[in-house]
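Novice: One line per chain: the protein sequences are A and B, in this order. Per this note's numbering, the first sequence starts with residue 1, numbered consecutively. Per this note's numbering, the second sequence starts with residue 1, numbered consecutively.
Since the hints were made in silico from the structure, they are not lab data. It should be emphasised that the depicted structure is a prediction, and the values quoted were computed from it without experimental measurement. Positions of the beta carbon are idealized from the N, C-alpha and C atoms, including for glycine. Any given hint could turn out to be false.
[Unchecked claim] Here are some, though not all, of the chain B residues that point toward chain A, as calculated from beta-carbon distances under 8 Å:
#1 A27
#2 G30
#3 Y44
#4 A57
#5 L378
#6 A446
[To be verified] Over the 12 Å line for every Cβ pair with chain B, so calculated as not near, a few chain A residues:
#7 P44
#8 Q71
#9 R74
#10 G146
#11 D150
#12 R153
#13 E156
#14 D158
#15 P180
#16 P181
#17 G223
[As the list claims (entries may be wrong)] Derived contacts from chain A toward chain B, CB cut-off under 8 Å, selection only:
#18 T77
#19 D103
#20 N104
#21 L109
#22 A114
#23 R120
#24 L124
#25 L126
#26 E130
#27 A131
#28 H136
#29 T141
#30 V157
#31 G159
#32 V203
#33 S224
For reference, the chains in residue letters:
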Amino acid sequence: MEINRRLVLKGFALGSVAGWAAHGSIDWLAASPGERSAPSSAPPLLAFVNDDAAGSMFLHGAAIASGARLQAERVDTGFAFLTRFERLLSAGSRPTRIIGLLDNASATLAVDLARAHGARVQWLGLHTSEAGFTRHRVFDTDRSAGSLVDLARRLEVDGTAFELIEERRSRIASSTRWAPPHRGGRSTADWASGVGYALASLVAPLAAPWTRAAPRVEPGPSGSFASFSITA
Amino acid sequence: MADENFDVLPRGLTQDEFRQAVEKFRALLGEENVLVDSEHLLPYNKIMMSASNAEHAPSAALTATTVEQVQGIVRICNEHKVPIWPISTGRNFGYGSAAPGQRGQVILDLKKMNRILKVDPEMCYALVEPGVTYQQLYDYIEENDLPLMLSFPAPSAIAGPVGNTMDRGVGYTPYGEHFMMQCGMEVVLPSGEVYRTGMGGVQGSNTWQIFKWGFGPTLDGMFTQANYGIVTKMGFWLMPKPPAYKPFEVIFDSEEDIVEIVDVLRPLRITGTIPNAVVIANVLWEAGSAQVRRSDYTTEPGHTPDHVLRRIQEDTGMGAWNLYAALYGTEEQVDVNWKIVTDAFSRLGKGRIVTQEEAGDTQPFKYRAELMSGVPNLQEFGLYNWRGGGGSMWFAPVSEARGSECRKQARMAKEILHKHGLDYVAEFIVGPRDMHHVIDVLFNRANPEESQRADACFNELLDEFEKEGYAVYRVATRFQERVARSYGQVKRDLEHSIKRALDPNNILAPGRSGIDLDAYDGA
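Hey, can you work out the whole structure from these sequences and the hints?
Specialist: Now the structure itself:
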C-alpha cells in the first residue's frame with residue numbers, strides 16, 4: 001500500500017467488521033463468517049454504513065464475500081466525514097474499493113464527492129423497504145450486471161416480496177425488471193445482506209458462497225437507502 | 001482506438017464521427033481528461049428527477065484546466081457538431097445535478113479550473129474560476145484572517161459561486177441575491193473568442209470587479225441560465241464581516257399566520273432594517289433539516305396528514321412557519337434595529353422570538369445561523385431523508401412579498417402535492433419585494449409509480465400556477481423547455497435569434513432554458 005494512502009486510511013475510524021461488536025451496535029457480527037484470510041496483496045475494501053440495522057445486515061453480507069480485508073466506517077453528512085473522504089479520494093495511486101449502504105443524504109454526498117475526484121462507480125442503487133415489500137432500482141454497468149442478477153435470484157429464493165429494476169445508460173427505452181409473485185409470509189430482513197454480498201462480490205471473484213448466517217431481524221430493516229460501489 | 005465503440009452518442013453523430021472528435025479531445029487534453037467508459041460516467045449520470053437515468057446519460061466527460069483548453073474544446077465541438085454541457089462543481093441538486101440536459105451531450109467539467117485568482121480585502125471582492133467551492137473560499141478567508149463574509153446556498157460547502165450565480169441562485173446574507181453581487185465575467189463564446197464583461201475589456205483596467213456596467217449594452221445577464229458562453233472567471237462582491245451579528249428565529253404555530261408574517265416583514269426588508277435574505281420555512285422543511293424522518297411518525301402511503309404535522313410541531317417545538325433572520329452592523333446599530341424588529345412582532349401579538357443564546361446548538365437554528373453568517377455546512381441534506389428514495393425536484397415560483405399572495409401559493413401547492421400523495425416541503429426566501437417560494441418535491445425514485453406521480457405533480461404545479469400568472473425562476477433540466485413556454489413567444493424568438501447569431505452550430509448546452517436551435521420551431 002502506498003504510504004500516503006495508508007496514512008489516510010488510518011484517519012478513518014475504521015474497524016474490522018468483527019470489531020464493530022465491541023462498539024455495541026452490531027453485536028452478532030462477532031460471529032460472522034468475515035474472518036477468512038485474504039491475500040496480503042488484496043487492496044482494502046471499505047464499507048460505508050450508517051449506524052443502523054440495515055448497515056449491520058449490509059456488513060454481514062459484504063463480510064461473507066470479502067473476508068478479513070473488509071473495514072467499516074460509520075458515515076453521516078458531517079464535515080469530519082467530508083474531509084476524510086476527500087483526503088482518501090485524492091490520496092494515492094493504488095485503487096481502494098469502497099462499497100456502501102447509506103441513507104439518501106449521506107449517499108448523495110459520498111457519490112458526488114467520488115464523481116468530483118474522478119472515481120469509477122460500478123453501481124448506484126436505491127432501496128426501500130416497507131410493509132414487507134422491498135424495491136430496488138440499480139443503475140449499473142457491464143461489470144456489475146452479474147452481481148445484480150445474483151441478487152435478484154437470492155431475493156427470489158428467499159421468497160421475499162420485491163421489485164428490482166436494472167437501468168443501463170445504453171438503454172434509453174428499456175430496463176430489466178424482476179418482480180416474482182410473492183409467496184408470502186417471509187421476512188424481508190435479508191435484502192441488505194444480499195446487497196452487501198453483491199457489492200463485495202464485485203471485487204472478490206473467489207467470494208465464499210452466499211449463506212444466510214446472520215440472525216434474522218424481524219422485521220427487516222425498513223426505510224430508504226442508497227448503495228454504491230466506487231473505485232477511488 | 002479505431003474500434004472503440006461508445007454506448008451513448010451525441011444527437012446526430014455516428015460512431016465514426018464521434019470517435020474522431022474524441023481523438024481530438026484526447027490530443028488536446030490528454031487521455032486522463034477525456035472520460036468515455038461507463039464507470040467514469042455513471043456518477044455524472046446520477047439524477048434526482050422523475051426521469052430515467054438513461055435520458056440524461058452523457059456520451060463523455062471532459063475536464064479542462066485552462067481557458068485555452070476551453071477554447072480548443074469549443075473549436076473541436078464546432079468542427080464535429082458535438083453538443084457540450086458545461087458544469088462548474090455540478091452540485092445543482094434538485095435542478096438537474098451534474099447530468100446533461102439531453103442524452104448524449106458531452107459534459108465539460110470545469111472542476112479543475114479551481115484557482116482563487118484574487119481576494120481584495122479592502123475593495124471587498126473576489127475573482128475566481130468555476131471550479132472553486134465555497135468551502136475552498138471560506139478556508140482561504142479564514143486562513144488569511146480576512147475581514148470578509150461569504151454568502152452561499154444551503155449545500156454550501158461543496159457548491160461554488162460561479163455555478164450558483166450562473167443559475168441565479170440565492171443565499172441567506174445581505175448579499176444573498178448572488179447575481180446582483182456579481183461583477184465582471186470572462187466568457188468563452190461559442191466562436192472560441194474570449195469576452196470580458198463590464199470594465200474587463202479595457203486594457204489595463206483595475207475596475208473589472210469594481211464597476212459592473214462598463215459602456216454600452218450590459219450583457220452579463222444573458223450568460224446566466226443560458227447557453228451563449230462558458231464562464232471561465234467571475235468576480236463578485238464580498239460583504240465586510242460585521243462587528244456584531246444577531247441571528248434570530250420567530251416561530252408561528254398556524255399555517256394561516258403566513259399572511260401576517262409576510263406583511264410585518266415586508267417593511268422591515270424594504271427599509272433594510274432586516275438586511276438579509278430572510279427564510280420562512282414550513283414545518284416539514286424544518287423537520288427534514290433537523291434529521292426528522294417521515295417514518296418516525298407514519299408509514300402510511302400518500303401525503304403526511306395535518307394531524308401528523310401538528311404532532312411533529314408538538315414534539316419538536318417547531319412552528320408551522322419558522323422565520324429566520326439576522327441583524328448586522330455595530331453593536332449600536334444592531335441594538336437599534338433589534339428594538340424595531342421586536343416591537344414589530346410584539347404589535348403582531350403572535351410569534352415566539354428565539355435568540356441564539358436561547359437556541360444554543362439546537363438544529364435547525366444552528367445551521368440557519370451559520371448560513372446567515374457565511375459559515376458553510378451540509379445540514380440541509382437531511383431533507384433527502386425526510387421521505388427517502390432519492391427523488392428531489394425544486395419547484396420555485398416567484399411571489400410578491402405580500403401575505404395574501406403567499407397564502408394563495410402555499411394553499412395551491414399543498415393541495416396539488418397532496419392530490420398526488422406527496423408532501424408540501426417549502427420555504428419562502430424573502431427579498432425586499434419578492435419571495436422565492438421554494439418547494440422540494442421529494443419522492444421515491446425506487447418506486448416507478450411514485451416517480452410517475454411526482455412527474456405528473458410537477459407538471460400540474462407548473463400548469464396551475466401559470467393559470468394564476470405565476471412562474472418559476474429556476475427549474476430542473478427536465479422541465480426547462482416547459483417553463484420557457486410560460487415566458488412567452490417573443491422572448492423565445494429573441495433568445496433563439498441570439499443563439500443563431502452566437503452559436504449557429506448549436507453546440508453549447510442545447511436545451512438549456514429551452515433554447516435549442518434543433519428543437520425550436522417557433523421563430
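Novice: Hints first: check each against the structure and report whether it holds.
Specialist: Structure-based check of each hint:
This hint is violated: A27/B has a C-beta 20 Å from the nearest C-beta of chain A, more than the 8 Å allowed. Hint on G30/B is violated. Least Cβ distance to chain A is approximately 13 Å, over the 8 Å limit. With a least beta-carbon distance of about 6 Å to chain A, the hint placing Y44/B at the interface is held under the 8 Å criterion. This hint holds: A57/B has a C-beta 4 Å from the nearest C-beta of chain A, less than the 8 Å allowed.
About 5 Å separates the beta-carbon of L378/B from the nearest beta-carbon of chain A, less than 8 Å, and the hint is met. Among the interface hints, the one on A446/B holds; its C-beta lies about 4 Å from the nearest C-beta in chain A, closer than the 8 Å criterion. For P44/A, the non-interface assignment is confirmed: its Cβ lies about 19 Å from the closest Cβ of chain B, beyond the 12 Å cut-off. In this structure Q71/A is separated from chain B by more than 12 Å, as the shortest Cβ-Cβ distance comes to about 22 Å.
Consistency note on R74/A: stated as away from chain B, and its beta-carbon is indeed over 12 Å from all of that chain's, at 15 Å minimum. The beta carbon of G146/A is kept farther than 12 Å from every beta carbon of chain B, the shortest such distance being approximately 15 Å. A cut-off of 12 Å between C-beta atoms confirms that D150/A is not in contact with chain B; the least separation is 19 Å. Residue placement check: R153/A keeps its beta carbon more than 12 Å from all beta carbons of chain B (closest about 20 Å).
The beta carbon of E156/A is kept farther than 12 Å from every beta carbon of chain B, the shortest such distance being approximately 18 Å. For D158/A, the requirement that its beta carbon stay farther than 12 Å from each beta carbon of chain B is met, with the minimum near 19 Å. For P180/A, the non-interface assignment is confirmed: its Cβ lies about 17 Å from the closest Cβ of chain B, beyond the 12 Å cut-off. Remark: the non-interface label on P181/A is consistent with the geometry, its nearest Cβ contact in chain B lying 18 Å away (cut-off 12 Å).
The claim that G223/A is not at the interface with chain B is violated, since a C-beta of that chain comes within 12 Å of its own (minimum 6 Å). Restraint check, T77/A versus chain B: the minimum CB separation of about 5 Å is within 8 Å; hint holds. At about 5 Å, the closest approach between the beta carbon of D103/A and any beta carbon in chain B falls short of 8 Å, and the interface hint on this residue holds. Nearest Cβ of chain B to the Cβ of N104/A: about 4 Å, under the 8 Å cut. The hint holds.
Residue-level restraint check for L109/A holds (minimum Cβ-Cβ distance to chain B is 6 Å; threshold 8 Å). The closest approach between the C-beta of A114/A and any C-beta of chain B is roughly 6 Å, which is under the 8 Å cut-off, so the hint is satisfied. With a least beta-carbon distance of about 4 Å to chain B, the hint placing R120/A at the interface is held under the 8 Å criterion. At a threshold of 8 Å, the smallest CB-CB gap from L124/A to chain B is about 6 Å, leaving the interface hint in force.
With a cut of 8 Å, the hint placing L126/A at the interface with chain B holds, because the nearest CB-to-CB distance is about 4 Å. Taking 8 Å as the C-beta cut-off, the interface hint given for E130/A holds, the closest approach to chain B being about 6 Å. A least Cβ separation of about 7 Å between A131/A and chain B falls short of the 8 Å threshold, and the interface hint therefore holds. Of the supplied interface hints, the one on H136/A holds, with its beta-carbon coming within about 7 Å of a beta-carbon of chain B, less than 8 Å.
Among the interface hints, the one on T141/A holds; its C-beta lies about 5 Å from the nearest C-beta in chain B, closer than the 8 Å criterion. Taken as an interface hint, V157/A does not check out: its beta carbon lies about 21 Å from the nearest beta carbon of chain B, beyond 8 Å. Hint status for G159/A: violated, given a least beta-carbon distance of 20 Å to chain B, over 8 Å. Restraint check, V203/A versus chain B: the minimum CB separation of about 13 Å is more than 8 Å; hint violated.
Nearest Cβ of chain B to the Cβ of S224/A: about 2 Å, under the 8 Å cut. The hint holds.
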